[in-house]
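Taking the hints into account, I'd like the entire structure generated from these sequences.
From first to last, the protein sequence lines stand for chains A, B and C. Mapping of the first sequence onto the working numbering: residues 1 to 978, in sequence order. Mapping of the second sequence onto the working numbering: residues 1 to 230, in sequence order. Mapping of the third sequence onto the working numbering: residues 1 to 111, in sequence order.
By construction, these hints were calculated from the structure, which means they are not laboratory data. Keep in mind the model is a prediction, meaning the values are calculated, not measured. Idealized CB from N, CA, C, for every residue including glycine. One thing to keep in mind: the hints can contain errors.
Stated by the list, open to error - Over the 10 Å line for every Cβ pair with chain C, so calculated as not near, a few chain A residues: (1) R108; (2) Y260; (3) K613; (4) N742; (5) S849; (6) D941.
Unchecked claim - The calculated lysine to aspartate or glutamate pairs, modelled on DMTMM-like cross-linking and capped at a C-alpha distance of 20 Å, are: (7) K729(A) - E53(C); (8) K684(A) - E721(A); (9) K86(C) - D124(B); (10) K86(C) - D708(A).
To be verified - Listed below are several chain B residues computed to face chain A (Cβ distance under 7 Å; list not exhaustive): (11) L10; (12) E69; (13) A149; (14) D155; (15) F161; (16) A165; (17) A172; (18) S195; (19) A197; (20) F212.
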Amino acid sequence: MSEHARLESPMGLMIDRNTQVSFSFDGKKYQGFRGDSIASALAANGRWLLSRSFKYHRPRGPLTMAGQDANTLVQLDKEANVLADRALVENNIKVNGQNYNGSLENDRDAVLGHFSRFMPVGFYYRSFFKPLPLASLFSKRSDSWPMWEPTIRKKAGLGVLDLDFQPQYYDKAYLFHDVVVVGSGPAGLSAALKAAEGGASVLLVEEQPLLGGALSYHRFDAEGIQADQLRAQLLSKVECNSNIKVLKNATCNGWFADNYLPIIQGKRMYKVRARECIVASGSFEQHVVFRNNDLPGIMMSSSATRLMKHYAVKPGQRALVLTGNDDGYLAALDLHDQGVEVAAIVDMRASVESEVLASAVKGRGIEILTGHTVYEAIPTKGNKHVRAVEVRAIAARGIVELDGRTIDCDLVCMSAGYMPVYQLLCQAGGQLSYNDQAAEFSLSKLPQHLHVAGSVNGVHGLSDVMADGERAALQALEALGLVQDVEVPKINCDRRVNFEWPIFSHPKGKDFVDFDEDLQLKDIVNATRLGYRDVQLVKRFSTVGMGPSQGRHSALPTARLVAKATNRSVTETGVTTARPPFSPEKLAHVAGRIFDPYRRTTMHHRHNALGAKMMPAGNWQRPAFYGSAQDRDRCMQAESTHVRNKVGVIDVSTLGGIELRGSDAAEFMNRIYTFAFLKQPVGKTRYAVLTNEHGVVIDDGVACRISDDHFYVTATTGGVERVYREMLKWNAQWRLDVDIANVTSAFSAVNLAGPHSRKVLEKLTADVDLSSEAFPYLAYREGHIANIPARLLRVGFVGELGYEIHVPSRYGEALWDALFQAGEEFDIRPFGVETQRLLRLEKGHIIVSQDTDGMSHPGELSLEWAVNRKKPFFVGRRSVDIVMAQPQTRKLVGFTLPKDAIKPEEGHLVLKGKDISGNVTSCEYSPTVDAIIGLAYVGEDQCQTGSRFPIRVDNGFQVEAEVVDLPFFDPNNDRQTL
Amino acid sequence: MSAISPESFLKRSAVYRNLTGARFKEMAGSAIVAANNNGSDKATRSGLLDLSTLPRVGYRGGNAASFLETVDLPVPSKPNQFLQASGGELVLRLSPQEFWVLSALRDEGENIEALRRRQLPTSDCYSLYCQDSHAWLVMTGEHLPQTLAKVCGVDLSDEAFPVGAIAQTSVARINVIVVHHEVNNIPCFSLLCDSAAAEYLWDCLLDAMGEFGGEAVGIECLVQNLSGKN
Amino acid sequence: MKIMHCPLNGPRNISEFVHGGEVKAMPDPANCTDHDWADYVFYTDNKAGVVVEWWLHAPSSYWFIAERHTVTDDIIRTYDPSEVFKQRVEFSTESDVSTEAGQMKLKGVGA
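Now the structure itself:
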């Protein structure tokens with residue numbers, strides 16, 4: 001057990017040694033400490049195998065210990081694809097491996113690795129999606145993917161969904177800061193402090209649970225004291241600075257226009273708006289491509305130091321450091337100082353560059369092999385762990401000598417260099433270019449108000465990194481106007497960290513470029529040989545960079561390999577596009593609380609109490625009819641019969657209402673609507689049709705002239721917002737003396753309709769003479785109904801004696817109650833929107849947007865009577881003139897069918913020979929007419945009364961409808977004019 | 001004591017049903033929530049109050065500002081600001097030519113009713129329908145900016161949005177006028193929204209306030225010794 | 001999310017705004033050719049460069065004009081429509097609206 005004992009403090013920054021945590025992995029119990037990640041707790045127990053690879057089922061272990069790779073994806077009870085090196089251990093959680101057949105230790109599908117040469121790059125793509133051979137087109141044989149898909153998906157499956165999941169509370173919140181700093185390494189910390197000291201409000205965002213970035217795990221000097229001291233010093237300054245708000249465990253997952261940053265922390269997505277944004281996201285350490293470089297026990301140097309510094313876990317017993325920079329030497333010192341035997345430093349560079357570090361290493365008795373590389377890692381049985389490596393001298397770029405030596409080790413630390421964490425910056429439009437001298441990518445062409453600092457900016461020495469952070473902060477402060485005329489220092493960095501060609505091909509392969517997708521060196525090269533020269537196409541063909549780690553480690557070697565294979569520069573080759581999200585996010589984060597606004601009339605709860613079946617109308621809720629959904633037809637017919645014979649009430653509060661006041665109110669009405677309004681008498685209503693500039697009917701309503709300078713005009717429920725906005729826009733240009741107000745929600749309204757409606761209303765008013773002489777059809781009156789101030793309109797939409805009653809909405813519910821109380825003796829009943837549609841259909845009244853479409857002009861709708869073509873102008877006038885002068889192609893007509901015919905649905909096609917000449921817009925069985933009645937567009941030569949036309953209904957049947965005159969009912973309008 | 005119910009009045013708020021269990025009192029010819037089984041400490045922390053039934057008027061037009069001056073109301077110099085009148089009314093300026101006047105909490109809206117009876121200028125000054133088109137909800141307490149940040153994309157922190165400021169913006173995806181004021185030193189955001197969407201907004205706000213222990217409160221949490229019948 | 005500066009309400013998320021199409025002058029509807037009218041109704045310039053557009057701040061129902069560069073998507077300037085539309089527009093059937101002076105009157109664009 002002592003072999004697995006934790007290292008002594010100050011190792012273990014993240015763990016709380018006083019609190020033990022028990023959990024299970026693959027059915028076996030383990031202990032860890034609070035603060036451990038699942039992977040660190042397992043590593044502390046000597047358990048390195050965490051997962052099986054995607055394609056060949058090869059054993060995989062920790063690679064970065066920072067949640068940057070797919071090797072650590074595990075299954076929790078209720079969640080798949082959890083990063084074991086990010087997720088914290090919790091008591092009693094059950095963790096399992098993914099993607100294996102049998103057990104993680106003994107995966108029967110590991111045999112797939114032996115068939116790798118039969119599964120070349122693009123294997124799935126080429127084998128299952130290839131274009132069908134010509135012959136198969138005749139034999140009707142489909143491609144084979146549908147047959148193979150289940151098997152392949154099973155073999156390649158990642159995780160299991162919990163189908164019994166319970167929704168959890170995820171939300172979003174805005175944050176507003178002068179400066180947002182992404183990343184809390186030395187650059188981020190110094191930038192945040194400088195900006196905060198300059199008076200800016202700063203948000204410091206850190207993906208890990210602790211601040212400091214590399215300062216928390218990386219060694220910067222031979223003595224090994226600099227990082228801890230600096231980190232402690234910076235952290236205490238941050239803590240004391242009230243201008244800095246810190247978000248830990250928080251990932252900035254994208255960059256959007258004007259520094260709009262989605263930052264995910266726990267179950268919340270912050271939508272952060274930064275006036276200035278400083279990206280100090282650091283860089284990803286890169287691996288070396290050699291045979292078996294994916295074995296457990298082979299990891300980034302930073303991964304080994306993270307295990308020690310963060311978790312006090314010894315990453316191995318005997319290490320070999322494979323490096324192309326000085327950071328490998330620093331890692332070796334850390335390993336040695338924590339009791340890990342360092343077998344050798346294998347330095348790919350031709351000679352030692354830092355004598356200070358070399359002598360510190362040699363002083364500890366560690367051998368240095370310059371100009372060498374690991375050519376192959378040698379596994380234990382079943383590829384479970386690295387056992388030794390074969391080291392060879394480098395003969396030329398990517399080429400090794402024929403002979404080498406074997407060095408035993410159970411840990412290989414790789415330091416091949418770094419790739420800037422460029423994702424956010426490229427999303428912002430930044431461009432990557434490759435510096436051949438430094439063998440690394442750098443960024444340029446960033447938008448204003450976005451700054452970059454630290455190693456992501458190609459600055460590597462610690463003091464330079466700190467200075468670069470301050471420089472970025474100064475630029476931000478200057479843009480904020482918090483400092484003036486400062487000289488922004490220029491930071492030059494000549495420290496070289498990238499080895500230019502850490503790629504060593506092996507004839508037996510398994511020299512992985514992309515661990516997620518099991519892509520080997522030859523796969524990338526072969527893709528280019530097959531003609532995929534563009535790195536974007538290489539990606540799509542080979543799937544490189546498509547895995548969960550999104551090219552963090554594969555992008556750089558792929559760019560280099562493609563460049564070499566196509567004889568271009570790495571800058572020309574570039575990397576694939578980085579799109580948000582930076583790391584996987586849950587749909588729950590994107591959804592948040594899901595704001596789905598709805599509007600209710602003041603009578604809404606009365607409808608519910610009466611058993612209404614509600615239906616949406618825009619964002620309103622309206623009663624369709626009163627009764628259960630299955631009883632639709634019966635309810636509608638009963639309600640319509642009741643309105644025709646007695647009295648009914650429908651809530652029409654959702655109708656749009658617009659007030660027009662001012663000396664130009666009539667002139668404005670005259671310009672907006674097709675009819676003439678200048679001479680409309682006060683106290684009268686008039687039908688108002690609205691066309692757009694294309695001459696298409698887009699809305700209609702009733703205009704009431706309340707006084708010379710005052711109109712109250714209704715609009716359709718769905719159309720009022722647009723009508724109101726168009727009115728405002730027109731008058732921003734015309735500058736007439738008119739005030740335009742959308743009063744839709746200010747009025748609640750009902751239509752009281754039926755032969756008894758006058759009798760009901762008479763009981764409720766003392767100040768309105770309701771007699772047909774004093775208040776005739778189409779008149780407008782004001783008065784009190786049940787002591788409520790009301791506007792009254794005599795309307796005929798449903799074809800019965802009826803009154804629209806509009807009251808200020810605070811009185812709406814009381815009005816409803818009063819009508820039902822007064823109407824009880826007349827058997828008053830409510831009716832819904834569907835019933836109203838039937839009633840108006842019987843009267844042949846159109847509903848704009850149901851019976852009209854994007855082409856309907858007034859002539860097609862027989863609305864010429866509502867269009868005044870004598871006045872100088874109305875919106876759409878010229879277009880109406882032009883269209884009406886053309887031969888007409890279709891017309892909206894009424895039709896009937898026997899009641900036992902198949903009832904056409906709205907949208908069913910009207911035929912003329914083999915052609916389509918129109919479509920049904922409304923259709924219903926009418927109990928009053930005792931037939932199926934409807935409206936349909938038909939060809940100009942099909943619209944004569946009495947002519948018959950075919951409608952194609954469901955299932956290929958056809959019915960013959962007969963054109964009839966409108967309306968279907970009460971042709972002289974006797975009932976509504978009573 | 002006979003309990004006062006919103007349904008015993010002709011004038012009702014769109015959200016009175018969301019307040020079952022609360023104690024109502026009569027104010028301005030309607031029922032208003034007096035208390036909701038909690039005290040002023042709740043309002044100090046995180047409260048939500050419905051003032052929809054209190055009077056308010058609006059005026060728009062080229063002569064609206066001069067009309068307000070003739071009735072001795074203060075006129076804010078710029079849009080999206082308000083001034084408090086000597087009677088406690090808030091005079092909001094929503095555009096160069098649009099003003100709303102919200103009742104003081106103490107006087108049952110008598111001043112507003114008097115204002116309604118005043119003769120308007122004969123031209124270019126039109127009364128608005130904000131009494132009915134809009135609901136008036138008030139969020140109170142210490143956590144206003146953080147709470148609103150969960151439903152609104154405008155920075156409503158004290159620095160960016162001090163007392164006296166107005167924001168016409170989108171809250172939980174509906175249009176809302178947000179007014180930052182204080183009542184007896186308790187920070188308040190008055191939210192004026194489409195009255196038909198008041199129930200929707202009410203639920204959204206309570207949901208956002210949950211994290212701060214927010215609840216519906218009554219007007220007595222803000223103002224003691226109110227007139228009006230209990 | 002992009003920010004737009006509303007002349008009335010200040011900087012706001014672009015989601016608070018509604019695009020209202022290009023600002024363009026209406027040809028004289030009484031006297032222009034069918035072709036000119038169709039061109040006005042159906043065609044937009046869609047140019048790569050600075051365009052002048054109507055935008056509505058939805059929460060305050062306020063229309064204003066924005067100058068926007070369609071290549072960079074930079075919003076260069078926003079202003080109240082009264083800067084362009086300075087006077088009352090009349091329509092008449094008289095043919096004088098087809099003259100240049102009439103056109104200007106029609107557009108409401110001060111010279």
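*asked:* Quick check on A197(B) please, does its C-beta sit within 7 Å of some C-beta on chain A?
replied: 5 Å, holds
*asked:* Checking hints one by one. Is A172(B) an interface residue toward chain A, by the C-beta closer than 7 Å rule?
replied: A172(B) check passes; min Cβ-Cβ to chain A is 5 Å, inside 7 Å.
*Decide, holds or violated, for the assertion that all CB atoms of chain C are farther than 10 Å from the CB of R108(A).*
R108(A) is indeed farther than 10 Å from all Cβ atoms of chain C, at 50 Å.
*Can we keep the A149(B) interface hint, with Cβ of chain A closer than 7 Å?*
4 Å, holds
*asked:* A closest beta-carbon separation below 7 Å is what the hint needs, so does S195(B) meet it against chain A?
replied: For S195(B), the interface hint holds, since the closest Cβ of chain A sits about 5 Å away, which is under 7 Å.
*Over 10 Å to the closest beta carbon of chain C is the bar; see if N742(A) clears it.*
Given a closest Cβ separation of 7 Å, the condition is violated.
*Just double-check Y260(A) for me: nearest Cβ-Cβ distance to chain C has to come out over 10 Å.*
Its Cβ does come within 10 Å of chain C, the nearest being 5 Å, so this is violated.
_Holds or violated: K684(A) and E721(A), Cα atoms, limit 20 Å._
25 Å, violated
*Holds or violated: K86(C) with D708(A), Cα cutoff 20 Å?*
26 Å, violated
*Hint check: is the beta carbon of L10(B) less than 7 Å from a beta carbon of chain A?*
Interface hint status for L10(B): holds (4 Å vs cutoff 7 Å).
*Per-residue hint verdict: F212(B), partner chain A, C-beta under 7 Å*: 12 Å, violated
_Hint D155(B) vs chain A: min CB-CB distance below 7 Å?_
Hint on D155(B): holds, closest Cβ of chain A at ~4 Å, below 7 Å.
Checked against the numbered hints given earlier, the structure breaks hints 2, 4, 8, 10, 12, 15, 16 and 20 and satisfies all the rest.
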